[in-house]
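So the protein lines, in turn, are chains H and A.
Here my numbering is used: the first residue of the first sequence is 161, the next is one more, and so on.
Here my numbering is used: the first residue of the second sequence is 5, the next is one more, and so on.
Simulated from the structure, these hints should not be mistaken for laboratory data.
Don't be surprised by glycine CBs; every beta carbon is placed ideally from N, CA and C.
It cannot be assumed that every hint is accurate.
Stated by the list, open to error - Among the chain H residues that face chain A by a calculated CB cut under 8 Å, a handful are:
| hint | residue |
| --- | --- |
| 1 | 203 |
| 2 | 209 |
| 3 | 222 |
| 4 | 226 |
| 5 | 251 |
| 6 | 253 |
| 7 | 265 |
| 8 | 268 |
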Amino acid sequence: GAVVSQHPSRVICKSGTSVKIECRSLDFQATTMFWYRQFPKQSLMLMATSNEGSKATYEQGVEKDKFLINHASLTLSTLTVTSAHPEDSSFYICSALPRRTGAYEQYFGPGTRLTVT
Amino acid sequence: LAKTTQPISMDSYEGQEVNITCSHNNIATNDYITWYQQFPSQGPRFIIQGYKTKVTNEVASLFIPADRKSSTLSLPRVSLSDTAVYYCLVGDLIYSTLTFGKGTMLLVSP
Numbered sequence: 161g162a163v164v165s166q167h168p169s170r171v172i173c174k175s176g177t178s179v180k181i182e183c184r185s186l187d188f189q190a191t192t193m194f195w196y197r198q199f200p201k202q203s204l205m206l207m208a209t210s211n212e213g214s215k216a217t218y219e220q221g222v223e224k225d226k227f228l229i230n231h232a233s234l235t236l237s238t239l240t241v242t243s244a245h246p247e248d249s250s251f252y253i254c255s256a257l258p259r260r261t262g263a264y265e266q267y268f269g270p271g272t273r274l275t276v277t
Numbered sequence: 005l006a007k008t009t010q011p012i013s014m015d016s017y018e019g020q021e022v023n024i025t026c027s028h029n030n031i032a033t034n035d036y037i038t039w040y041q042q043f044p045s046q047g048p049r050f051i052i053q054g055y056k057t058k059v060t061n062e063v064a065s066l067f068i069p070a071d072r073k074s075s076t077l078s079l080p081r082v083s084l085s086d087t088a089v090y091y092c093l094v095g096d097l098i099y100s101t102l103t104f105g106k107g108t109m110l111l112v113s114p
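Excised from the complex, chain A in its bound form (with noise of 0.2 Å):
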């Protein structure tokens, strides 16, 4: 399983944008790249998910270079409601197995 790297924690303000950026160099060719969000005590929840290029939802978006060795997690204009742990998560879908990483602590303030 291709192992991931993140920032450990970032700091932001409220109606930012907030971009994550998560290192995957020895990513597979089946790989799909993954975010999950956790809040303190609960679940963690599907944020998006992607294979190339960019990918955008109604929370966020990924950004995933030609090479796919990184890719961006993109929340646009966050809240005091995202301050939470986000995982970038690499792994081949046929198996679903997902390995998390430490996670980027985000901290939103007013």
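The following block holds chain H by itself, in its conformation from the complex (with noise of 0.2 Å):
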């Protein structure tokens, strides 16, 4: 139980263009969704936070008109990189918290790898 799926795994666009990419919770409805990136041999960099039906909060830095969230359901949060450009390359991560009482892990999806061109 409690998996986190991600689409896509991979994908390459070129610059100027936006991609997006949706995070669902398969087997569990999720309070809340988190949206990591992760540039190379470096750690997790939380981006924002997500609850279904509200907006997005997002962490200091990160540019909120360039990463659009929409948490449209309680199993549904995609995340879209608008006007990408070469420097928005990086390994994309999601994770999930369960809505239940008591849960406290946070599941985290396979990543999605962008490369912009």
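Put the complex together from the two separate chains, hints included.
Next comes the structure, spelled out in structure tokens:
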């Protein structure tokens, strides 16, 4: 149980285009979903926190107009990288917090490798 | 959020017990300690979580002293597939945000 999927697993796009990444909790409802970014040989950096039906909370330094987050349902959150540039190339990982009492473990998706050419 | 300090890397051999210690001197009363494992190009995987004393599950044990200023993840009889980065995180479960430190790169050799 507690499986989180991401789609696509890999995407290559041209500079200036937008890319949408989906994060789904497959067998549970998620109160909250998180988006992280990880550059090579570095740790995960939290980008934003999203709760179903409300606006995402972005971490300092993360441009909300560039990284659009939509948490439309208790099982789906999307991250759209708008007007992507090569410096946005990274490994994007989502996680989900189950909607049940006593659940404090975040379950992570497999990640999406974004390459902007 | 409490800052954590871990060794950057550790080496071990198959079959040995590995103990990774994490320092978190400014841990708050409401903070829990959670460990995650990450393989290259994969999302982190939850290993274990605890508040005090000792917690054990099917894959690891977590030892937390009374002052809670450190914790030790113990992996019994490691195998090659345990080669990964291990992250220690400290945080208030209610707010749920996780701050990842640099982690410990564990290399298990034959």
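Hint check results:
| no. | hint | in the structure |
| --- | --- | --- |
| 1 | 203 | holds, 4 Å |
| 2 | 209 | holds, 6 Å |
| 3 | 222 | violated, 13 Å |
| 4 | 226 | violated, 21 Å |
| 5 | 251 | holds, 7 Å |
| 6 | 253 | holds, 5 Å |
| 7 | 265 | holds, 5 Å |
| 8 | 268 | holds, 3 Å |
Against the hints set out earlier in the document, violations occur for numbers 3, 4.
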